[in-house]
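Enquirer: Spelled out, the chains give:
Number of protein chains: 2
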Amino acid sequence: MDNPIYIAVDAMGGENSPNKVIKGIEIHNSTSYNVYYNIFGNKNIIQPIINKHKILSKYYKIIHTENIIKDSDSPLSAAKKGKDTSMWLSIESLKNNESDAIVSAGNTGALFVIAKLNLKMIEKIDKPALSALWPNKNGMNIVLDLGANIECNEKNLIDFSLMGSALHKSLFEKETSKVALLNIGSEEMKGSNVIKNTYQILNEKKNDLFEFKGYIEGNNIMDGDVNVIVTDGFTGNIALKTAEGTANFITSELKKALNSNLLGKLSALLNIKNLKKFKKKLDPRLYNGAILLGLDKPVIKSHGSTDEIGFANSLKVCEKIIKGNLIDKIKKNIN
Amino acid sequence: MDNPIYIAVDAMGGENSPNKVIKGIEIHNSTSYNVYYNIFGNKNIIQPIINKHKILSKYYKIIHTENIIKDSDSPLSAAKKGKDTSMWLSIESLKNNESDAIVSAGNTGALFVIAKLNLKMIEKIDKPALSALWPNKNGMNIVLDLGANIECNEKNLIDFSLMGSALHKSLFEKETSKVALLNIGSEEMKGSNVIKNTYQILNEKKNDLFEFKGYIEGNNIMDGDVNVIVTDGFTGNIALKTAEGTANFITSELKKALNSNLLGKLSALLNIKNLKKFKKKLDPRLYNGAILLGLDKPVIKSHGSTDEIGFANSLKVCEKIIKGNLIDKIKKNIN
Numbered sequence: 000m001d002n003p004i005y006i007a008v009d010a011m012g013g014e015n016s017p018n019k020v021i022k023g024i025e026i027h028n029s030t031s032y033n034v035y036y037n038i039f040g041n042k043n044i045i046q047p048i049i050n051k052h053k054i055l056s057k058y059y060k061i062i063h064t065e066n067i068i069k070d071s072d073s074p075l076s077a078a079k080k081g082k083d084t085s086m087w088l089s090i091e092s093l094k095n096n097e098s099d100a101i102v103s104a105g106n107t108g109a110l111f112v113i114a115k116l117n118l119k120m121i122e123k124i125d126k127p128a129l130s131a132l133w134p135n136k137n138g139m140n141i142v143l144d145l146g147a148n149i150e151c152n153e154k155n156l157i158d159f160s161l162m163g164s165a166l167h168k169s170l171f172e173k174e175t176s177k178v179a180l181l182n183i184g185s186e187e188m189k190g191s192n193v194i195k196n197t198y199q200i201l202n203e204k205k206n207d208l209f210e211f212k213g214y215i216e217g218n219n220i221m222d223g224d225v226n227v228i229v230t231d232g233f234t235g236n237i238a239l240k241t242a243e244g245t246a247n248f249i250t251s252e253l254k255k256a257l258n259s260n261l262l263g264k265l266s267a268l269l270n271i272k273n274l275k276k277f278k279k280k281l282d283p284r285l286y287n288g289a290i291l292l293g294l295d296k297p298v299i300k301s302h303g304s305t306d307e308i309g310f311a312n313s314l315k316v317c318e319k320i321i322k323g324n325l326i327d328k329i330k331k332n333i334n
Numbered sequence: 000m001d002n003p004i005y006i007a008v009d010a011m012g013g014e015n016s017p018n019k020v021i022k023g024i025e026i027h028n029s030t031s032y033n034v035y036y037n038i039f040g041n042k043n044i045i046q047p048i049i050n051k052h053k054i055l056s057k058y059y060k061i062i063h064t065e066n067i068i069k070d071s072d073s074p075l076s077a078a079k080k081g082k083d084t085s086m087w088l089s090i091e092s093l094k095n096n097e098s099d100a101i102v103s104a105g106n107t108g109a110l111f112v113i114a115k116l117n118l119k120m121i122e123k124i125d126k127p128a129l130s131a132l133w134p135n136k137n138g139m140n141i142v143l144d145l146g147a148n149i150e151c152n153e154k155n156l157i158d159f160s161l162m163g164s165a166l167h168k169s170l171f172e173k174e175t176s177k178v179a180l181l182n183i184g185s186e187e188m189k190g191s192n193v194i195k196n197t198y199q200i201l202n203e204k205k206n207d208l209f210e211f212k213g214y215i216e217g218n219n220i221m222d223g224d225v226n227v228i229v230t231d232g233f234t235g236n237i238a239l240k241t242a243e244g245t246a247n248f249i250t251s252e253l254k255k256a257l258n259s260n261l262l263g264k265l266s267a268l269l270n271i272k273n274l275k276k277f278k279k280k281l282d283p284r285l286y287n288g289a290i291l292l293g294l295d296k297p298v299i300k301s302h303g304s305t306d307e308i309g310f311a312n313s314l315k316v317c318e319k320i321i322k323g324n325l326i327d328k329i330k331k332n333i334n
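Chain order of the listed sequences is Y and C.
The numbering of the first sequence is numbering that gives the first Met the number 0, which starts it at 0 and goes up by one.
The numbering of the second sequence is numbering that gives the first Met the number 0, which starts it at 0 and goes up by one.
Treat the hints as calculated values from the structure; they're not laboratory data.
Glycine included, every Cβ here is placed at the ideal spot set by N, Cα and C.
There's no promise every hint is true.
Simulated coverage check for chain C against chain Y, where a stretch passes if three residues somewhere in it have a Cβ under 8 Å from a Cβ of chain Y [as the list claims (entries may be wrong)]:
| id | region |
| --- | --- |
| 1 | 44-56 |
| 2 | 239-250 |
| 3 | 309-316 |
Here are the simulated lysine-lysine pairs, DSS-like style, with alpha carbons at most 30 Å apart [to be verified]:
| id | chain 1 | residue 1 | chain 2 | residue 2 |
| --- | --- | --- | --- | --- |
| 4 | Y | Lys119 | Y | Lys79 |
| 5 | Y | Lys255 | C | Lys279 |
| 6 | Y | Lys189 | C | Lys154 |
| 7 | C | Lys204 | Y | Lys254 |
| 8 | C | Lys79 | C | Lys60 |
| 9 | C | Lys279 | Y | Lys136 |
| 10 | Y | Lys22 | Y | Lys82 |
| 11 | Y | Lys82 | Y | Lys60 |
| 12 | C | Lys319 | C | Lys123 |
| 13 | Y | Lys123 | Y | Lys322 |
| 14 | C | Lys123 | C | Lys330 |
| 15 | C | Lys254 | Y | Lys136 |
| 16 | C | Lys154 | Y | Lys82 |
| 17 | Y | Lys119 | C | Lys154 |
| 18 | C | Lys255 | Y | Lys254 |
| 19 | Y | Lys80 | C | Lys195 |
| 20 | C | Lys319 | C | Lys205 |
| 21 | Y | Lys279 | Y | Lys154 |
| 22 | C | Lys279 | Y | Lys189 |
| 23 | Y | Lys279 | C | Lys204 |
| 24 | C | Lys328 | C | Lys204 |
| 25 | Y | Lys79 | C | Lys254 |
| 26 | Y | Lys195 | C | Lys69 |
| 27 | Y | Lys126 | Y | Lys254 |
| 28 | Y | Lys126 | C | Lys177 |
| 29 | C | Lys189 | Y | Lys123 |
| 30 | C | Lys154 | Y | Lys79 |
| 31 | Y | Lys119 | Y | Lys322 |
| 32 | C | Lys177 | Y | Lys254 |
| 33 | C | Lys80 | Y | Lys154 |
Residues on chain C that point at chain Y, a partial pick, calculated with CB under 8 Å [to be verified]:
| id | residue |
| --- | --- |
| 34 | Leu181 |
| 35 | Ser185 |
| 36 | Gly190 |
| 37 | Ser191 |
| 38 | Val193 |
| 39 | Phe233 |
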């Protein structure tokens with residue numbers, strides 16, 4: 000029998016919280032086994048919501064606190080106000096070994112600063128990195144760093160390769176991890192010195208943790224030839240958000256085109272099943288949940304504006320990476 | 000009456016050249032007025048193609064050369080082999096004031112090196128930048144740099160703002176240029192020191208050339224709130240190519256979804272007019288033509304894999320920026 004899993008849930012962060020958080024827990028609870036929730040936040044708000052949903056009391060514990068960190072708080076002011084907020088307490092429960100992973104839809108900067116204050120870095124890793132899932136033609140990419148580190152050196156990018164492939168393995172056990180460096184050309188001479196040096200090191204030091212596939216350009220990220228894409232946090236953040244903006248632009252143009260006359264509306268209606276399938280494949284809620292790598296416990300950031308389905312998926316990510324022994328895999332890869 | 004415009008055309012670069020080049024000239028010629036083409040390449044191949052098309056002989060001159068630069072040539076080996084290639088000769092015709100602008104669908108790196116060897120930089124500009132058009136909800140963005148400079152300092156980014164807004168004005172005379180810096184957050188404290196310093200300078204030095212709109216994130220590039228987006232060449236290249244890859248991914252998924260069963264196919268058929276309109280709005284051929292800014296003559300790079308319609312549009316870009324006095328506008332903005 001599997002060991003029980005305890006997820007610390009900051010119930011108070013993000014839009015429509017704690018409503019979506021509790022609904023997300025209900026959805027996740029209905030499909031998971033042996034997973035328990037430590038819910039941090041205002042009991043007077045949370046308990047009445049839970050009572051309306053089908054979550055057996057054995058599955059959750061509410062740890063009451065009235066203080067919350069707002070999206071408008073700077074990371075430092077959040078950390079100062081911290082100790083009895085739902086975010087701080089939920090991270091602290093990892094430190095005290097009461098929970099195995101934490102998920103929050105709240106203030107991203109605050110989450111990282113408070114996580115770094117409370118949790119230890121994995122030995123030999125200099126900088127934590129923010130990673131996320133990004134769909135490709137054959138499945139999912141892991142992309143990192145997405146904004147935790149604006150500037151990165153060779154050692155950081157190599158650490159990201161090792162952590163990213165560990166994450167990939169813990170989520171997709173049966174696949175081979177294929178790492179590529181995001182660059183502006185596929186030739187060896189392109190890119191900054193840091194990227195070129197990293198290429199040399201990864202290319203020479205063959206390992207059995209992942210296949211190194213060299214450089215990848217932005218237009219090939221979704222081709223599915225690689226599945227772990229490594230870059231500095233500035234570039235990764237811009238790339239991810241540009242993809243998001245492009246997807247929104249195209250789907251809204253498509254909607255406009257299909258609704259522009261009666262015939263269009265009618266035939267779109269006929270086509271609704273196919274269009275729904277299309278929409279589902281691109282649904283950002285399906286890959287909600289960015290993972291902060293490098294700390295000795297898993298810290299997961301849900302998108303602040305996601306709904307209960309997105310939040311349930313970030314709980315699924317927590318469950319998977321605990322069952323997939325992410326932290327052990329990272330430690331093994333680093334050594 | 001407008002002055003005649005002479006466009007130097009490297010007929011031998013890119014896929015399916017010189018076929019698509021000549022067809023593109025025919026298309027452009029049918030809608031333009033007082034525009035003449037200096038066509039550089041192998042006359043024995045070019046003349047028979049022209050004879051099959053409706054281009055009056057008064058509109059073109061073929062400058063014969065048998066040597067061409069291949070896509071596989073490195074920029075330096077291309078420059079060495081250079082002097083009697085179609086690319087070199089077409090650029091040289093700008094230097095000799097025989098042409099007003101040059102367009103090539105050939106080797107990008109070679110085009111820039113040969114352009115820099117032959118043409119002067121505009122005074123007070125340190126680095127040329129590669130810019131392109133990118134659709135947004137309200138029209139078109141100018142985005143630069145797209146890969147000419149991997150690393151940029153404050154002066155470079157400010158030059159890019161001035162050159163980009165000049166390009167915007169020369170293409171879209173009636174619009175106000177609104178400049179933003181691509182960054183990973185909208186708060187002043189985010190980003191690298193170079194970006195933060197550039198922000199300060201642009202924010203303090205108000206000017207009547209453009210409105211400075213602060214930072215923009217990747218997901219807002221296509222929102223249409225700004226129209227000149229400034230970044231270093233590494234980030235810009237990754238962002239543009241990521242958008243391209245995302246658009247390809249989504250449209251191919253859409254195609255799959257619409258074709259997945261008979262009902263889908265039928266209703267897509269009914270909807271074909273709307274879908275065509277949708278496709279047209281996103282057609283990359285419509286904004287084909289990247290412009291190298293900073294040299295004292297306009298150098299335009301057509302996408303290598305575009306077709307005659309795309310090539311015709313890059314000729315349209317040439318025509319517009321000559322009529323819009325791009326180079327004068329840049330000089331005025333810089334001073």
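Enquirer: All hints, please: hold or fail.
Expert: Each hint tested on the structure:
| no. | hint | in the structure |
| --- | --- | --- |
| 1 | 44-56 | violated (count 0) |
| 2 | 239-250 | holds (count 12) |
| 3 | 309-316 | violated (count 0) |
| 4 | Y:Lys119 to Y:Lys79 | holds (19 Å) |
| 5 | Y:Lys255 to C:Lys279 | holds (13 Å) |
| 6 | Y:Lys189 to C:Lys154 | holds (23 Å) |
| 7 | C:Lys204 to Y:Lys254 | violated (42 Å) |
| 8 | C:Lys79 to C:Lys60 | holds (26 Å) |
| 9 | C:Lys279 to Y:Lys136 | holds (24 Å) |
| 10 | Y:Lys22 to Y:Lys82 | holds (26 Å) |
| 11 | Y:Lys82 to Y:Lys60 | holds (19 Å) |
| 12 | C:Lys319 to C:Lys123 | holds (25 Å) |
| 13 | Y:Lys123 to Y:Lys322 | holds (24 Å) |
| 14 | C:Lys123 to C:Lys330 | holds (9 Å) |
| 15 | C:Lys254 to Y:Lys136 | holds (13 Å) |
| 16 | C:Lys154 to Y:Lys82 | violated (44 Å) |
| 17 | Y:Lys119 to C:Lys154 | violated (41 Å) |
| 18 | C:Lys255 to Y:Lys254 | holds (17 Å) |
| 19 | Y:Lys80 to C:Lys195 | holds (28 Å) |
| 20 | C:Lys319 to C:Lys205 | holds (28 Å) |
| 21 | Y:Lys279 to Y:Lys154 | violated (38 Å) |
| 22 | C:Lys279 to Y:Lys189 | violated (34 Å) |
| 23 | Y:Lys279 to C:Lys204 | violated (47 Å) |
| 24 | C:Lys328 to C:Lys204 | holds (19 Å) |
| 25 | Y:Lys79 to C:Lys254 | violated (52 Å) |
| 26 | Y:Lys195 to C:Lys69 | holds (25 Å) |
| 27 | Y:Lys126 to Y:Lys254 | violated (42 Å) |
| 28 | Y:Lys126 to C:Lys177 | violated (37 Å) |
| 29 | C:Lys189 to Y:Lys123 | holds (27 Å) |
| 30 | C:Lys154 to Y:Lys79 | violated (38 Å) |
| 31 | Y:Lys119 to Y:Lys322 | holds (21 Å) |
| 32 | C:Lys177 to Y:Lys254 | holds (28 Å) |
| 33 | C:Lys80 to Y:Lys154 | violated (40 Å) |
| 34 | Leu181 | holds (6 Å) |
| 35 | Ser185 | violated (11 Å) |
| 36 | Gly190 | holds (7 Å) |
| 37 | Ser191 | holds (6 Å) |
| 38 | Val193 | violated (11 Å) |
| 39 | Phe233 | holds (6 Å) |
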